[in-house]
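Q: With the sequences and hints as input, model every part of the structure.
Chains as they are written, first to last, in the numbering used here: chain Z, 1 to 197; chain A, 1001 to 1324; chain L, 2001 to 2285; chain E, 3001 to 3148; chain S, 4001 to 4663.
Keep in mind that the hints were calculated from the coordinates and are not lab data.
What you are looking at is a predicted structure, and each value in this text was computed from that prediction instead of being measured.
Yeah, the Cβ is synthetic: ideal placement off N, Cα and C, and Gly gets one too.
You may find that some hints are simply not true.
What the hints assert, rightly or not - The calculated label-pair distances, taken between Cβ atoms and stated as ranges, are:
| # | chain 1 | residue 1 | chain 2 | residue 2 | range |
| --- | --- | --- | --- | --- | --- |
| 1 | A | Glu-1291 | Z | Glu-36 | 51 to 61 Å |
| 2 | A | Ser-1110 | L | Pro-2096 | 33 to 43 Å |
| 3 | E | Glu-3122 | S | Gly-4023 | 17 to 27 Å |
| 4 | S | Lys-4537 | Z | Glu-36 | 46 to 56 Å |
| 5 | L | Pro-2096 | Z | Gln-190 | 20 to 30 Å |
| 6 | A | Pro-1148 | E | Gly-3135 | 29 to 39 Å |
Claimed, not checked - Lysine to aspartate or glutamate pairs mimicking EDC-like chemistry, simulated, CA-CA at most 16 Å apart:
| # | chain 1 | residue 1 | chain 2 | residue 2 |
| --- | --- | --- | --- | --- |
| 7 | S | Lys-4391 | S | Glu-4478 |
| 8 | E | Lys-3148 | A | Glu-1113 |
| 9 | S | Lys-4619 | A | Glu-1124 |
| 10 | L | Lys-2217 | S | Glu-4528 |
| 11 | A | Lys-1152 | E | Glu-3147 |
| 12 | L | Lys-2214 | S | Glu-4528 |
| 13 | S | Lys-4348 | L | Asp-2165 |
| 14 | A | Lys-1297 | E | Asp-3091 |
| 15 | A | Lys-1152 | E | Glu-3144 |
| 16 | A | Lys-1322 | E | Asp-3103 |
| 17 | A | Lys-1212 | S | Asp-4615 |
| 18 | S | Lys-4357 | L | Asp-2037 |
| 19 | A | Lys-1290 | E | Glu-3081 |
| 20 | Z | Lys-185 | L | Asp-2037 |
| 21 | E | Lys-3119 | S | Glu-4528 |
| 22 | A | Lys-1290 | E | Asp-3091 |
| 23 | Z | Lys-189 | L | Asp-2038 |
| 24 | S | Lys-4349 | L | Asp-2038 |
| 25 | Z | Lys-183 | L | Asp-2038 |
| 26 | E | Lys-3118 | S | Glu-4528 |
| 27 | Z | Lys-183 | L | Asp-2037 |
| 28 | Z | Lys-180 | L | Asp-2038 |
| 29 | A | Lys-1322 | E | Glu-3147 |
| 30 | A | Lys-1322 | E | Glu-3081 |
| 31 | S | Lys-4405 | L | Asp-2038 |
| 32 | S | Lys-4619 | A | Glu-1211 |
| 33 | S | Lys-4519 | E | Glu-3144 |
| 34 | S | Lys-4519 | E | Glu-3081 |
| 35 | E | Lys-3148 | A | Glu-1076 |
| 36 | A | Lys-1112 | E | Glu-3147 |
| 37 | S | Lys-4348 | L | Asp-2168 |
| 38 | L | Lys-2214 | S | Glu-4478 |
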Amino acid sequence: MTMKSTQNNLPLQEISHESDLDKNFGKHIAKMAHGEKLFGCIQCGNCSASCPMSVYMDHTPRKIIAMIRAGFRDEVLSSKTIWLCASCYNCTVECPKGIKITEIMYALKRDAILTKNYPKGFPIPILSRTFYNEVKRSGRINETSLLMKYYFSYNIFKSLGYAALAIKLFFTGRLILFEKGIKNKAGLKQMLSSSKN
Amino acid sequence: MGNDKPKLKLAVYWGAACGGCCVSVLDVHEKLFDVVANADLVFWPIALDVKYKDVEEMPDQHIDVTLFNGAVRNSENEHIAKLLRQKTKIMIAYGSCAHMGGIPGLANFSTKEELYKRVYEDSESTENAQKVYPQTETTIAEGKLTLPNFYKDVCTLDQIVDVDYYLPGCPPQTERLVEVFMAVVTGAELPPKGSVIGAGSKVQCDECKREKVNKSGITRFYRTWEKEDDGKTCLNEQGFLCMGPATRNGCGVRCVEGNAPCRGCYGPLDGIPDPGAKMMSAIASMLNEKEEGDIQKALDTVVDPAGTFYRFSLPGSILRRKQS
Amino acid sequence: MKYLYFPGCSLKSSGRSYEESLLSVLKKMNVGVEEIDDWNCCGATNYMAMNERNAIGITARNLALAEKQGKEDIMAPCAACYMGLLKTQKYIETEPKVKETVLTNLKKSGLEFENTSKVRHPLDIFINDISLDTIKDNVYAPLKGVKVACYYGCQLTRPYATFDDQRDPQSMENIVKALGGTPVEWPIKTRCCSGSMTSTVSEIGLRMSYLILKEAKDRGADVMITACPLCQFNLECFQGKMSGKYGENVKMPVMYFTQLMGMAFGLDKKELGLHRMLSPELSLS
Amino acid sequence: MTNMNTEQWSPKIVAFFCNWCTYTASDLAGVSRLRYAPSTRVIRVMCSGRIDPEFIMEAFAKGADGVLIGGCHPGDCHYSEGNYKCLRRYDLLQRYIEQMGIDTRRLRLEWISAAEGKKLQEVVNEMTNTLKEIGPSKIKHVVETIEK
Amino acid sequence: MSNQKEEIRIGYYVCHCGHNIAGVIDVKSVAEYCAKLPNVVVAREYKYMCSDPGQELIQKDIKELNLNRVVVASCSPLLHESTFRGATSKAGLNQFYMQMVNIRENASWVHESKEEATEKAKDLSRAAIHRVAFNKALEKKKVPVNPTALVVGGGIAGIAAAMSLANAGKKVYLVEKDPTIGGYMAKFDKTFPTLDCAACILTPKMSSVLKHPNITLLSYSEVSEVEGYVGNYKIKVTRKPRYVKEELCVGCYDCITACTFKEGKFPDEFNFGLSKRKPVYIPFPQATPLVAVIDEKTCIHFKTGKCPQTCAKACERNAIDFTQKPEVVELNVGVVILTTGFQPFDAKKASNYGYGKYPNVFTSLEVERLVNASGPTEGHVVLRDGVTHPKSIGIIHCVGSRDEKTNKWCSRVCCMYSLKLAHLLKEHSGAEIYNFYIDMRTPGKGYEEFYDKLLNEGVQFIRGRVAEVNDWATTPEEKGKLLIRAEDTMIGMVRRIPVDMVVLAVGLEPGKDAQEIRKMFNISCSNEGFFLERHPKLAPVDTFTEGVFIAGACQGPKDIPDSVAQAGAAAAQALALIDTGHVELEPNTAFITEERCCGCQVCVAMCPYTAISFDPVKKASSINEALCKGCGTCVAACGSNAITQNLFTDVEIMSEIDGILIN
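A: In structure tokens:
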């Protein structure tokens, strides 16, 4: 739960009344993720335990589900957890109640981007956005161009750490500088522009 | 039989029929003398020159017995059926067509448009480039010509007029007709109105001499040319579709005696509204298969189920005709 | 035998040696391959994070192109592409609203889509279509005494794939045995390598890949094989960085399973793209 | 029902349920408060093998939009094999109905065990939706109106 | 056809059932509507028709208004038909002149729209009003009940049921498929929550069964065929060959000692393979009957025919008989109680826990034997190697249970037995014990107190479902250990706990022969595969087949006290049936009207009970009423309408159809 400082410097929950909760958040996310089973969660924690990333997360996946259900909307959307999900689907296949947790995480990512609620300056949403636009532009991913653009919008200095690797890749022919992209770019673009999420 | 008693007045009429019923009346042979001794034939289009007008002029209830054969198919059939009803004391639906619709009743699987197209355009022997179809009225120089209106549905007699008795068969057994006739003549007590007369009270199997083996169920059906009949075993058990188990007897098991499966012309027993449904139930029950696929395969050998199980009875059955 | 080939972006750049070795091995076994014309990126995990309809849409475009090209099964060697294609098929099948939008959008770019193709991973094809016996028949230099850690990663067996066990897959192990090698029994072969996290949150990404390499090494593996270009990249290209960071040498040969097959088949190193590898070379004695 | 528009129109399904499986399943659905479309009118028979094709035709002729038969799963009949007899009759009847120009989806046979209240709910809802798609039955009208 | 048509006078009663019906259906408008239907003399609504005043209302109307037909619209006929039939017959009217309409289970409980539910109630009522006019007066047939009982399954439930019946003076056959009775309880060390010794309380019961003059124990036997009906079942029981004559063997172990195999070589079923037995064996020292059995799958004589047969020579009583064949025994019984129990979930199916892969992953049942003083290790808790004492043990709850991929249900006993095992393991080994649970379920007398006790004993409880057990050591200390990964959900942190031993608390499943048994006895199973009771609340030990009762874990996961209680309930139901002396059969049998029957014999093949026979002299078939079970299949097959099924005549059903549809 997000903490905020008060004048007395005592931490206080931002949500202090039940009326502050977004009671429809659970239904909203369940719909986005095509997963009504979200409400059947028994809070067993199997998702967290099967997740390789859970130890790095600010909230475990189980807790995220509980928070969604209870309506802690802002806390969920601004959490790093959803961006640390690597989509490995282990939780989904292991969940004893058949909850599509990975899809819920995707839905949360989309919702966070739509509502501009994602953790600012956190690299992963930026990569996603860059990737998205890159495909929209050329139809294929050119790793060089993707990473350059990503580092440019995230933190250009970070890319310096990878310079040596880039050089090696270039000399083994694994770093392609120009990708022509697909032939029917116009068709793809038209297709992608017409659908709102 | 004394001559002091007034002679019975008898009428015979054909609606949509093949003529076989009228022939069956003639089939009384020498008994015709008995008939004529006791009855006057007042109306019989196939044999006597009596005009509709003559009938119209008869007082009501003038005719004692009318044997109406054939289904009601057009406005003329209906008109005469109603007319005869008015002039007759005992109206008998004579033969399968008047009783249940009969073979002409199979037309209820088609629409009028389909029938016209087939008959007046598509049939192999037809040349009709102008696509001329029958019209109820045609005006020519000499005046107006009329034809009866061809109905969309084929009807049984009792769907048009009140019927006193049914004498089933295609055609009915002549002996049965004579028996009925003599009963009327002698003034014997008649069965309740609406009864089937001149037929038995059980189904065909009762008189059938063929053996039941009851060994195992049926796995497929055969049409008569597909397999040789052994001459003694129940035809259904051999896999030939015999309508005997749901068809009233009285014909003397004519067809099976001639080694052909019963086709159901005598119709169902009392209290059975739909002979086809009964027969389907009995036949399907006899099948042996359990798996959906096997059942379907066995049923594939029933060619044209509706036409088979309702060969004589479609207009008189519960669903009456094909939906269009 | 012929397949419609969906390479995906990686197999054209950083994962080139996967394509080179896969095609060489298939050629050796007389299996025909035809690349899908004008295919586009599958969207990977990032697309789903941005826009669901478009994520399904772009992948459906590839499936539609494949349908147009032929009735053969689609071969998708990249685990992310493979999963993405399967997922798209599933969504089209079960989510009528998504289907409607996607079909309308495809129609706008002149494509019809009936969702009739079958999507297959090369491992599935090797085991179930080509057969282990045919693989055995092609072995020229058996991998005698070579201990192999087979690493599957996540999206290859989860959640839609059905060709192998989700918890303890055996396809690569069976291929290794057919090649004469010895698979190493280890418990984390389907644990995620962290995906793109090596470039975004490298502290986490590198650690996860490091743990995988370390465990394989601890279990005595001489080589690790993979079937996904991203796993391969993470496990192969950061070995130096990890060794320095965690103070333990985790350098070991990490190659595509198709490269190992090619080596056992006696194919030329160049044909297998082995000259492009950054991890230590596997020497067959 | 004349003032109802098609959106609100609810089909009438005559449902023949066997006492041991499907009727019990419908009781279970009730006890479990599973909501489903109010389209069915259940007639209880001891076994699906009792169901005479005449019953089905009568139902259609008198205005049923659909007929649903519910029996025990194959191998589970309380009377050993009555459900197989039912299946055979049903399969033949489907062919007849099709020849009679009736949409075969109006007649449906389902095996629903005593424990499958949920399946009952799904089947009724599904059939109701299908019938809504097909629209009201005109069979009664055709049977009762002789077209001249 | 009788011309003397009686005037039909119908009384119609619609029940509110409190709010159950009236909350959804407008009962007043239904009653008003029905009052106007033909033949209806009176139509009333009442709060609870099944109550005494409700029934009296009907009776009063029958007498005062001269009613001759009654229609009651209320709940399912399966629930209250007999109530209203009774009320009808008490007023002097034949009980079958009463027709019930189900507007609760079939309408008010399943529909939301009040208008449509009310419309449906009207349609269904109209159908019954149409139909009831055609209902016929019938009599129920009384058949005597054979006062003998069959109990299938000799676990604790079967033992308890058999003893109750036998003590009441009834003859009982107890059939057990294994060589000994006792079931799973005989394998347990202690029972929760009292921790009394299972053997000490069970074995006296087992020997009482054997000694009881009213009980015939058929061990190593299985029911193979069931015929007949309530009160008169004919049961075939197949006795498997033991190759030891039961009447001669005294259980002296001489044959076992003398067996060619010097040591046990084959996995011992009783100890779940934790020990080895010889081909000739006695399952355990208190086995009942205490008779040796020879396993033909492992005995050299049966495998090669070249055995010196030292066992036979060693037996002074010449009890060993290699020529025994399966034997079929025919039993005539009036009632049956099924107590066929459960099977444990196969731990290999939860492959993420590594059972079968990592030797030190055990099932809870194996551990029951490990901690048992009479078990293979004499109560010493050791790892699979037989020597190492574990210093830390993880007990994983809900294995196979509460999971959509395996068994959806909670197995009900695992929490408590896991607590029991935690206590025993700690007591026996002093190891650190971790319990991994999802929810702690301790609903029972003294159960929560037992949990409290464990908490205070220092057993660790982690609320979180274990995702995986493996041997992935990431630190040197973890080497050689099993790692359990779970989220400690109370803290919100994921933990990886290294232990020496893992215990899987496997759930309970329907027995593997449950489907076969169910089919033989013509009863139903719930979706999970457990035997289905007639009513979850009001008839928990009855089935839909009269005279067949169920008790114990075959009906659903259950602990010992509940199994015993249920066995008592089943025995009481069986006794009630036996002591009534007769049963009344529903008169829904069919009969053939000879005048219509043509003798086509289509019906003969229809009947699974060979109740229909053809008389070649009369050229007609007839139905033996005693054999007819009243399905009506022959009725639908008869092309002559010669067969009538009582209670379900053509005209009754047709009028019901018309009643539904003709508005």
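Q: For a C-alpha distance cap of 16 Å, please report whether Lys-189 of chain Z and Asp-2038 of chain L respect it.
A: Judged against 16 Å, a Cα distance of about 14 Å means the pair holds.
Q: Given the hint that Lys-2217 of chain L pairs with Glu-4528 of chain S, test it: the Cα-Cα distance must not exceed 16 Å.
A: With Cα atoms ~46 Å apart, Lys-2217 of chain L and Glu-4528 of chain S exceed 16 Å; violated.
Q: Measure nothing beyond the straight line between the CA atoms of Lys-1322 of chain A and Glu-3081 of chain E; if it is 16 Å or shorter, mark the hint as holding.
A: It is violated: about 33 Å lies between the C-alpha atoms, which goes past 16 Å.
Q: For Lys-1152 of chain A and Glu-3147 of chain E, compute the direct alpha-carbon distance and say whether it is at most 16 Å.
A: Satisfied, since the Cα-Cα distance of roughly 5 Å is no more than 16 Å.
Q: Given the hinted pair Lys-4519 of chain S and Glu-3144 of chain E, is their alpha-carbon gap at most 16 Å?
A: 46 Å, violated
Q: For the hint 29 to 39 Å, verify it against the beta carbon of Pro-1148 of chain A and that of Gly-3135 of chain E.
A: 36 Å, holds
Q: Given the hint that Lys-1290 of chain A pairs with Glu-3081 of chain E, test it: the Cα-Cα distance must not exceed 16 Å.
A: Between Lys-1290 of chain A and Glu-3081 of chain E the Cα gap is close to 9 Å, so the pair holds against 16 Å.
Q: Has the given pair, Lys-4349 of chain S with Asp-2038 of chain L, been kept, meaning a C-alpha gap of at most 16 Å?
A: Violated, because 44 Å separates the two Cα atoms, which is more than 16 Å.
Q: So if I understand the rule, the pair passes when the alpha-carbon distance is 16 Å or less; does Lys-4348 of chain S with Asp-2165 of chain L pass?
A: 14 Å, holds
Q: Decide if the proposed pair is consistent with the structure: Lys-1322 of chain A and Glu-3147 of chain E, CA atoms, cutoff 16 Å inclusive.
A: Holds, because 12 Å separates the two Cα atoms, which is no more than 16 Å.
Q: Would the hint linking Lys-1322 of chain A and Asp-3103 of chain E be met if the CA-CA limit is 16 Å?
A: Roughly 11 Å between the alpha carbons, so the hint for Lys-1322 of chain A and Asp-3103 of chain E holds.
Q: Is Lys-4405 of chain S close enough to Asp-2038 of chain L, meaning Cα to Cα at most 16 Å?
A: Distance of about 40 Å is beyond 16 Å: violated.
The structure shown violates the earlier hints numbered 1, 4, 9, 10, 12, 18, 24, 30, 31, 33.
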